[in-house]
Amino acid sequence: VASLSPIDTLSVTDVETFAFAAAVDGRLSLARAIAGIEADEESLETAAQIFEATAAMRVDELAAAASIDAELTVPVAATLLQIYLYRWTDGGSDAALRLTNILDPSQLPASDSEGTLLHWIWGCAEPLAFFSFEAEDISGGAIEELDASANAAQAFRRLARVLWSINAVDDALACGLSAVSLAMWSSEAPACVDLALELASASDDKSVSLFLKARQADVLVRRCTADPSLATAAFDAVESVVRHLGDLPEQREQLLTQLSGSLNASEVLAGIRPLLRAAMMPPSDNALFDDTVRLFSSARWEEPWPRLAELAEPISVLAIELENARRRLEPADDAAGASTKWATWSFEYPPFRRAVPHGPSLQRETGLDELFLTVTHETIHVLSMMSGLGQAVTALRLALLEIEFRLWTFLGPPDPEAFSSIGVAPLVEGEVTALAQAESALEITRKLQILQDVWGPWLEGIAVFGELGAASPDDPFSSVVTLVLANLMEEGPIREAAAAEGISVGDVISRRQTNAEEIFAAAGRDQGAARLRTMLADYPARYFAGYAAVRAVVSSWRATYPGQISAQMAFRVLLHVSRFGVAEAVPDLALSASDFRRDALARLENWVARLAGIPAEDLDKFSRPDAEAGPSEWRDGRLIPSRQDAEESGEETHKASIERCVQALRTLSGAWADLDRVPDSDKETRMLLESAAEALALQSFDLGSLDRDPWLVDRMPARAAMMPIGRVRSPFWLAPESRRLFVLLRTTDRAPGQGDPLHQMIATDLPEEKVPELAQEMRDRRDSRMLIARVANLRELMKADDTALPGANYLVFSYGNWIYVQPGGMAEGAGRVSSRIEESVRERIQPDAILDFESDLTAEGRAGAMRTSSWIESVETWTAGGTSYDAGKWAARVGALATEVLDRESHTETAAAAEVLLSAVLGAARPADLGERGLELLRSADPTWIAEIAEQLTASSSGPVESSFLDAHGEQVGERIGPIFARSESGWDVRPIDQEA
Amino acid sequence: MHGIAWASSDDFESALEAARSVEKSGELSDLAAPLGAAVAGRLSEAWDRIEAALQEAWRKGQDFARGTAEETAARVQEIIDSTGDSARAVQERLLARLHRYLEELIDRTIARVRGSITVDSRELHLNSVELAQSVTLTGSMKLSIQEALALTSEGQLEVTAQYRSPAAS
Numbered sequence: 001v002a003s004l005s006p007i008d009t010l011s012v013t014d015v016e017t018f019a020f021a022a023a024v025d026g027r028l029s030l031a032r033a034i035a036g037i038e039a040d041e042e043s044l045e046t047a048a049q050i051f052e053a054t055a056a057m058r059v060d061e062l063a064a065a066a067s068i069d070a071e072l073t074v075p076v077a078a079t080l081l082q083i084y085l086y087r088w089t090d091g092g093s094d095a096a097l098r099l100t101n102i103l104d105p106s107q108l109p110a111s112d113s114e115g116t117l118l119h120w121i122w123g124c125a126e127p128l129a130f131f132s133f134e135a136e137d138i139s140g141g142a143i144e145e146l147d148a149s150a151n152a153a154q155a156f157r158r159l160a161r162v163l164w165s166i167n168a169v170d171d172a173l174a175c176g177l178s179a180v181s182l183a184m185w186s187s188e189a190p191a192c193v194d195l196a197l198e199l200a201s202a203s204d205d206k207s208v209s210l211f212l213k214a215r216q217a218d219v220l221v222r223r224c225t226a227d228p229s230l231a232t233a234a235f236d237a238v239e240s241v242v243r244h245l246g247d248l249p250e251q252r253e254q255l256l257t258q259l260s261g262s263l264n265a266s267e268v269l270a271g272i273r274p275l276l277r278a279a280m281m282p283p284s285d286n287a288l289f290d291d292t293v294r295l296f297s298s299a300r301w302e303e304p305w306p307r308l309a310e311l312a313e314p315i316s317v318l319a320i321e322l323e324n325a326r327r328r329l330e331p332a333d334d335a336a337g338a339s340t341k342w343a344t345w346s347f348e349y350p351p352f353r354r355a356v357p358h359g360p361s362l363q364r365e366t367g368l369d370e371l372f373l374t375v376t377h378e379t380i381h382v383l384s385m386m387s388g389l390g391q392a393v394t395a396l397r398l399a400l401l402e403i404e405f406r407l408w409t410f411l412g413p414p415d416p417e418a419f420s421s422i423g424v425a426p427l428v429e430g431e432v433t434a435l436a437q438a439e440s441a442l443e444i445t446r447k448l449q450i451l452q453d454v455w456g457p458w459l460e461g462i463a464v465f466g467e468l469g470a471a472s473p474d475d476p477f478s479s480v481v482t483l484v485l486a487n488l489m490e491e492g493p494i495r496e497a498a499a500a501e502g503i504s505v506g507d508v509i510s511r512r513q514t515n516a517e518e519i520f521a522a523a524g525r526d527q528g529a530a531r532l533r534t535m536l537a538d539y540p541a542r543y544f545a546g547y548a549a550v551r552a553v554v555s556s557w558r559a560t561y562p563g564q565i566s567a568q569m570a571f572r573v574l575l576h577v578s579r580f581g582v583a584e585a586v587p588d589l590a591l592s593a594s595d596f597r598r599d600a601l602a603r604l605e606n607w608v609a610r611l612a613g614i615p616a617e618d619l620d621k622f623s624r625p626d627a628e629a630g631p632s633e634w635r636d637g638r639l640i641p642s643r644q645d646a647e648e649s650g651e652e653t654h655k656a657s658i659e660r661c662v663q664a665l666r667t668l669s670g671a672w673a674d675l676d677r678v679p680d681s682d683k684e685t686r687m688l689l690e691s692a693a694e695a696l697a698l699q700s701f702d703l704g705s706l707d708r709d710p711w712l713v714d715r716m717p718a719r720a721a722m723m724p725i726g727r728v729r730s731p732f733w734l735a736p737e738s739r740r741l742f743v744l745l746r747t748t749d750r751a752p753g754q755g756d757p758l759h760q761m762i763a764t765d766l767p768e769e770k771v772p773e774l775a776q777e778m779r780d781r782r783d784s785r786m787l788i789a790r791v792a793n794l795r796e797l798m799k800a801d802d803t804a805l806p807g808a809n810y811l812v813f814s815y816g817n818w819i820y821v822q823p824g825g826m827a828e829g830a831g832r833v834s835s836r837i838e839e840s841v842r843e844r845i846q847p848d849a850i851l852d853f854e855s856d857l858t859a860e861g862r863a864g865a866m867r868t869s870s871w872i873e874s875v876e877t878w879t880a881g882g883t884s885y886d887a888g889k890w891a892a893r894v895g896a897l898a899t900e901v902l903d904r905e906s907h908t909e910t911a912a913a914a915e916v917l918l919s920a921v922l923g924a925a926r927p928a929d930l931g932e933r934g935l936e937l938l939r940s941a942d943p944t945w946i947a948e949i950a951e952q953l954t955a956s957s958s959g960p961v962e963s964s965f966l967d968a969h970g971e972q973v974g975e976r977i978g979p980i981f982a983r984s985e986s987g988w989d990v991r992p993i994d995q996e997a
Numbered sequence: 001m002h003g004i005a006w007a008s009s010d011d012f013e014s015a016l017e018a019a020r021s022v023e024k025s026g027e028l029s030d031l032a033a034p035l036g037a038a039v040a041g042r043l044s045e046a047w048d049r050i051e052a053a054l055q056e057a058w059r060k061g062q063d064f065a066r067g068t069a070e071e072t073a074a075r076v077q078e079i080i081d082s083t084g085d086s087a088r089a090v091q092e093r094l095l096a097r098l099h100r101y102l103e104e105l106i107d108r109t110i111a112r113v114r115g116s117i118t119v120d121s122r123e124l125h126l127n128s129v130e131l132a133q134s135v136t137l138t139g140s141m142k143l144s145i146q147e148a149l150a151l152t153s154e155g156q157l158e159v160t161a162q163y164r165s166p167a168a169s
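Those sequence lines, one after another, are chains H and Y. Residue 413 in the working numbering is what sits at position 413 of the first sequence, and the numbering runs on without skipping anything. Residue 97 in the working numbering is what sits at position 97 of the second sequence, and the numbering runs on without skipping anything.
Don't take every hint at face value.
With the Cβ distance kept under 7 angstroms, some of the chain Y side facing chain H (calculated, not the full set) [said to hold, decoys possible]:
no.	residue
1	S25
2	G26
3	L35
4	G41
5	G61
6	I80
7	D81
Everything labelled a hint here was simulated from the structure, so no lab data went into it. Here the structure is a predicted model, which is why all the values come from computation and not from measurement. C-beta: ideal position from N, C-alpha, C; glycine also.
Based on the sequences and whatever the hints tell you, model everything.
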């Protein structure tokens, strides 16, 4: 590797020399890459002839090749560029510019892969030439004057990725390092260093990664004054360099002095200076002080355990100070709520976005009640995603992904940068066939939005109901939801507690579970009505209809069931039917978006009606825990057993999921295409639509035969089962000798102005093989922080051991590709988790590229809609196979569809679904704006009735209640919000659904 | 000129609306649960108590207002106390609503003072308006409720308006 050492870039005193060196380095890296294209003797000879003819005849290479009747192939073109790189300062740079402008390598005869490689090599030549020209003229100027720096860096970074993808790792590293050098201090520099660090992990020379980290720190420190959003990244980079400098003893002083100089110029990062001071502090005569300061500023601790035990506390004092300084650099979190996202199959709870509850920290939380209720609410959402609905969402998203993959093939070699950062494919200008694919993607996106919006009110309804009814200490059966809560708290290993108290492990588990349920129930009693008031009066469009419908369904059951239906029993049925009974309420995914909308709403209406009519014998199965009823699902409102064999059942689900994908990809194809969808369609437009429908019908989808991951369809929704609760990037230290990992964990976050967050220094015993693995990964990555996450297991069937119980919590330590999963909650101290659990957690915390790509870039379809919208606006003439077509009307329809996808404000499906649900509850006897205004409608009668009704709804969720308020005002309440309450012999409850109506 | 400016029902409703819109709930996205929903619910409940008293005072007048102020303040304080650690923040937010209510009501009522009058065929333009009665906005919940109820039950403001001829300005 003949690249510049990144350490040189830290001491640039002579811009001219540095820029010249970076340009030379770029040429060398490019030459290495070209050497990867095999050229035989004949090609070399031909290239030499063309070169000579070009020079002699003073023509370009194409003309020269034609004049000597030579064929320009990929190896010949590559060799020509190699010659120009060699003669760079002797007219070579001009010649390289000319060559790369007149010749498109993708048009040359060669194998696909070599043509693609040359395409990206070509892309480097032009910016490198411009950079060289600027470098020659920079004499006495500033680095910022090198305008070509960013373009050149970007081009080399792309080439590095391409080389990496074909396993030319050394060449990729050379280009990656060239990108870093060429980037100077431009905005491209951080991304270039990131990539180079990844590439350097394969290098035997581990100092490269540390030099790169130093370069990253330098660039970020310089840039963060102007761009404060880089401040935490800069802080982390400096911290990482300082803590790893022990591996570069010879350059340590020099690097520290340079970093210190950069930092002194940046007030933004004043908080990190104590770490540098600690690293530079001369020894004193106080050993405890010296060791504390030395270990605080080192990533690896070699001291024996007794000494570390002594030092851990003073080190944590310093580390907490540093952590608080970093917290002040983090951006404010102004989220109004916790939210569960379909795109990631998980929820985010703002207090745990940058903190992980651990040990007794949760009990110290001031808002424990709200935390329990909110985590319950969001866990119910995540569980609801593990359903027939989730299967349909997966199919639509996989179809979207498939279309994007197909679109990427339209436009030559895909740009690896754009592919990984934008995701959606660029479209060929005016290509009619791409219009068909783009329209299909938009229709699928709309169906995805419709499905999620139509089911939103119902899903919110069961989550609100579950907040109060998921579990009770009086109910003998635990819910997976409250098992998650019980496992949030660490009260010491259960086996040790059982031995100490002379009771069984089961008794300890049961006591802790009861304790959690008591806290949960008390939270519901204390906060339930007030929370319900906020939801039904402040956010009625989101919560009112769904909650009313859920309550009406439960009342319908209470009207026919011979015994009492508690809130807990009702919740068990509701959650079960919402997970294993919704598949039949999802329309055919091949329908057009408009038909899909109609059908989805009609099916929701029928589904709720059938739900209200579930017979007592099926309800009865939920008076006991689900497990006794065995695996079961719902069809036509009846509970039927599912396949008992887990493997067969999994296979069936896999096949059904694939079938759903195939269904989604039939969108706008063959008979599924609505040929009248374009307004004012003419003959030519109709002909184009017919052709598009035929062409789309010819495409097959078979994960097995395509170069695709056949298990993606299962892996995508399976992520939901490992539910992250909190995550934070924490500083850590590895003590290899004692096999301990020390982490300063932020256990409680605080909003700005509400004091500093709380931290805890934890020491984790690592299994023997994990220690060298982590040490190796640290040398590759040089980060001083690792991701710590708390994850809950929602898979109810995995009951293999203590660590895999439903609701079990794990504390996950994740660093690059290294992961360690430690049982938490009630399984604390239960040894190691199984490899199956570790792999499931890894899939969630360290997802592979395709899972990340999908959830970040294509899952919501918005990026595709934006791409298509601007593409259509830019097209003047539509063509296919060289023929022009008048596709203007069709394109206008596709453009309008893209706008519709992007304009979420204009979507009416949630409101329409709310109307369907309210109609089921109240029929025509409801105010027109009930769904929109909810309990606010009571304000005109008496504002205090709003809270009063929230109280009545809360009180009656466990069954009918006596209510003097409703006795006195029930009728007037009904006049304002419809006859939502009804009185039976047992008391007041929500009115059951009138099934006859 | 010393006179009375009357508040209309619209002014009263607008003032209530303005008070309710102080620190409105934030937007939620995806499948969500609002943060601080219980505290927000109690804050709203307390406000609803005040609003109900204000409505009664508007309809029934000064005698009612005097009688109900104590009881309303006590009930509101009870609700505030039930919010535990958030009690101070809740009290501040309620006071902000009350102050916003009074501001809006006073502004709207004063806006009813005629902009010009004609005296002996000379048109005089409004130069300044002074409130003849004092409106005390304090940090005390009880006093603020009393003040708001008193002003609402009167439904009017005593004002001193000064007019001058355009030539004088």
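Do the hints match the structure? See the list:
1. S25: Holds: closest Cβ of chain H sits about 5 angstroms from S25(Y), inside 7 angstroms.
2. G26: 3 angstroms, holds
3. L35: 5 angstroms, holds
4. G41: Given a least distance of 3 angstroms, the restraint on G41(Y) holds.
5. G61: 19 angstroms, violated
6. I80: 13 angstroms, violated
7. D81: 13 angstroms, violated
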